[in-house]
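Enquirer: These protein sequence lines are chains E and H, in that order.
For the first sequence, position 85 (counting from the first letter as 1) is numbered 85 according to my numbering, and the numbering increases by one without interruption.
For the second sequence, position 30 (counting from the first letter as 1) is numbered 30 according to my numbering, and the numbering increases by one without interruption.
No wet-lab data here; the hints were simulated from the structure.
Fair warning: there could be bad hints in the mix.
[What the hints assert, rightly or not] If you want the ones that stay clear, here's a sample from chain H, every Cβ over 10 Å from chain E, calculated:
1) Ile-7
2) Met-14
3) Gly-55
4) Glu-58
5) Tyr-64
6) Ala-66
[To be verified] Lysine to aspartate or glutamate pairs mimicking EDC-like chemistry, simulated, CA-CA at most 20 Å apart:
7) Lys-67/H x Asp-30/E
8) Lys-50/H x Glu-129/E
9) Lys-67/H x Glu-14/E
10) Lys-70/H x Glu-125/E
11) Lys-62/H x Glu-156/E
[Said to hold, decoys possible] Selected chain H positions facing chain E (in silico; Cβ < 7 Å):
12) Asp-3
13) Leu-5
14) Phe-6
15) Leu-52
16) Ile-54
17) Ala-59
18) Leu-61
19) Pro-63
20) Tyr-68
21) Lys-70
22) Val-71
23) Asp-73
Every residue gets a Cβ at the ideal spot worked out from N, C-alpha and C, and that includes glycine.
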Amino acid sequence: MSKIKCLLCPTGCELKNGERGKCRVRVNIDGRLQTLVYGKPCAVHVDPIEKKPLFHYLPGTSSLSIATAGCNLHCMYCQNWEISQREPENTRNIDLLPEEVVERAKDADCRTVACTYSDPVIFFEYAAETARLAHERGLLNVWVTALYINPEPLKEAVCFVDAANIDLKGITDKFYKTMSKGTLQPVLDAIKTMKRSGVWVELTNLVVPTYNDTTEDFSKLCDWIVENVGVEVPLHFSRFWPMFQLKNLPPTPEEVLTHAREIAMSKGIHYAYIGNMPGHKGNNTYCPVCKNIVIARRGYMILQYNIIEGRCKVCNHAIPGRWK
Amino acid sequence: MRDRLFIFLTCVLMLLFLASVAENIFSHLESPEQYKEAVVGSGKPGRMLKELLIGIEEAGLKPYEAKYYKVIDE
C-alpha cells in the first residue's frame, strides 16, 4: 500500500499505511491522507477578541473560538498541552460542522470566528471550510497560530484569514529545535507572507525564564520585526506560567517583561504590550505621536476608548488596525 | 481545646504540603514519557491499519480527505 508524504507543514511526515503524522491528527489510510478532526472540535468558547490577543482588531467584540486536538509543534511549555499534545481519540470532542460553527457565532453575536488554542494549521480543512462559510454570513476569520506551515497551504490560508495572532516563539533556530521540535526559518517566511498578503497581523512572544529572556533575545527579535514586517505591527510579550514540561520554572518576572517592552519601544516598535499581567501599563495602547492613552485596558476589559474614525482623539494620528 | 485545634490545623497543612510535593515529583516522572510520546510519536510505527480504524471508530471520529500530500511510494 502507498506511502505518502504530508505537505502541510515543514515537518513533512512520511507515512506508511496506517501511520499517523507527528501532529497526531492526519493519518494514511490506504494511500490517502485523512484528517481525523474535521468537524470534531474539543474546545468551543466565546472569548473577548483581546484574549487572542488581538488589540487592534474589532476591540470589545466577541469571537467564537474553536480548536481540535493535536499540534505540529511540541512546545515544552505549551499552555494548551492537554489538547495540543493529545490524539483526538483521547480528547472530548463534539460534533460541530463548519456551518454549525458559523451558526453558533451568529447566535452569540460574535463578529469573528477564531481558530485557536491548539493550532489551525493542523485542522486546516475544517478551518478553511468554516472560514468560507463565515465570510458568506458576514463574519471575519481569526487565526491564533505558530504558523508552522508550508508556502502552498499558506497561499490558500491568506485568502480566508482576516486577522492573525502569530507566535514568534524565539529568534534562534536552537530555541525552536530545543523547545518546540521545529525550525525557525519557515515561521519567519510565513509571517512575512501573511503580512504582505494584507492579513492584519499581531505577534506574540511568550517569555520563558532562562530560555528566551535575555536582552540579546529581545533585541534580535525586535530588530527582525522592524526590518521585516515594520514598526506598526503590534508585539505582545506574554508572561509564562509553569506548565506541562516546565513546571519547575517560575512565572516570568514582571521586570523582565517590562524590560522586553522597553527594548521594543527603543527599537521603534510603536505598539508593544505585556500579556497575562492585568494592571500593567503595557496592557494599554498609547498614541506613538502624542503618547496619550488611546485604549486603556485591564486584562481583556476596555476601560477607556479614545479612537475616533481610527485616529487618536487628541492628535488625530492614524492608529493602525480595524476598529469597526 | 486550643492545643488540639492547633495540632489538627498543623496536620492538615502538612498533608497539603506533602500532596503538593508528591504532585511535583510524579508529574516530573511522567514527563519524560509524555515528552517522548509528543516528540517521537506513539512509539508504534507501522501500527496495523485495522487497529487504527477500530480506534477511530470507537472514538466516534470520521476520516475526512485531507489536502496537501503526495504519494511517494506505490
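Enquirer: Which earlier hints can't be squared with this structure?
Expert: 3, 4, 5, 6, 8, 11, 12, 13, 14, 16
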